[in-house]
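Undergrad: One letter stands for each residue in the lines below.
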Amino acid sequence: MSEQVIFTFDVDGDDFTSAGQASSQVKRNLRQLGIAPDIIKRVSIAMYEGEINMVIHAGGGTANVAVTEEYIEIVLSDQGPGIKDITQAMQEGFSTAPDDVRSLGFGAGMGLPNMKRYTDYMDIQSQVDVGTTITMRVNLPS
Amino acid sequence: MKISTMKELLDAEVACCEENLDRHVYSACGSDMMSDVLAFVKDQAVLLTGLVNSQVIRTAEMMDMVCIVLVRSKLPTPEMIELAQESGIVILTTKTRMYDACGILYSNGLVGNKVKE
Ligand SMILES: Nc1ncnc2c1ncn2[C@@H]1O[C@H](COP(=O)(O)OP(=O)(O)OP(=O)(O)O)[C@@H](O)[C@H]1O
Ligand SMILES: [Mg+2]
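Protein chains in written order, with our numbering: chain R, 1 to 142; chain G, 143 to 259.
Hints listed in this document are in silico derivations from the structure and should not be mistaken for laboratory results.
Please note that a few of the clues may not be correct.
The calculated DMTMM-like cross-link candidates involving lysine to aspartate or glutamate, where the alpha carbons are at most 20 Å apart (straight line), are [to be verified]:
id, chain 1, residue 1, chain 2, residue 2
1, R, 116, G, 155
2, G, 184, R, 38
3, G, 184, R, 120
4, G, 144, G, 155
5, R, 41, G, 206
6, R, 41, R, 129
7, G, 237, G, 150
8, G, 184, R, 92
Non-contacting residues of chain G with respect to chain R, defined by C-beta distances greater than 10 Å in every case (computed) [stated by the list, open to error]:
id, residue
9, 150
10, 152
11, 157
12, 162
13, 178
14, 252
Using N, Cα and C, we set each Cβ at its ideal position, and we do this for glycine too.
Just chain R, same shape as in the assembly (with noise of 0.2 Å):
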């Protein structure tokens, strides 16, 4: 674990449309840093989901990414509402997006357990009216 490179972004909950600008943004610096393209578009998806989450669930928060030598870290954090129960969460199909977020061709109850399954390591924190923090890594072959 030597050395890190780390990306630090502020994803706005106001903008649906810039929505994403993180995440292709990490998807770029991480071709730069010749990752293969495999793990770019595991991490890629996996941090687009969490990104448009914190857009349409919890107004905005911030993204970091560091990529060490055994893996890409994705860290997640806003002040949002919460999520009360995670494991409901989790569960494919729940949500509890409105109407108008569906019609933009999201709300299915599919992004939780999407990053899970794109990565090798998930942590949520969550707490009801202070916000969420999800931790995602994506192993690099050594």
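Using the hints provided, position chain G with the ligands relative to the given structure of chain R.
TA: Positioned in the frame of chain R, the structure of chain G with the ligands alone reads:
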């Protein structure tokens, strides 16, 4: 199948990245739910959709897709074109409806799950 062949089969217009029409694609998917595309699609290179907002392009970008087909005469927003250009994603627009567009491409050999490259 070349993207230019898709364009002919669907009688489509090119909204951006015309320079990439020579690219080959081997499989496609169709959906208006980006949640489902992110969760269920694997290596499909083409997305057919009737949804129009910038997250359609973002979704395709994250999934390394190379072409988006907007069905039912939908037109891309300026933001969509800008984002697609950044990633070299071709946007085709067609009057054809979703079911027909998928059927036309499928029956001409563009399958749902990639078989070989
Ligand atoms: N950052 C967050 N803050 C507060 N609640 C959240 C957050 N992320 C997820 N949730 C809650 O967990 C539920 C499930 O999230 P998940 O990403 O799986 O589905 P979704 O966002 O509703 O739909 P999809 O991801 O398929 O578009 C959400 O509907 C929401 O209630
Ligand atoms: Mg989600």
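Undergrad: Against the earlier hints, flag every one the structure doesn't satisfy and list their numbers going up.
TA: Structure breaks hints 1, 6 and 13.
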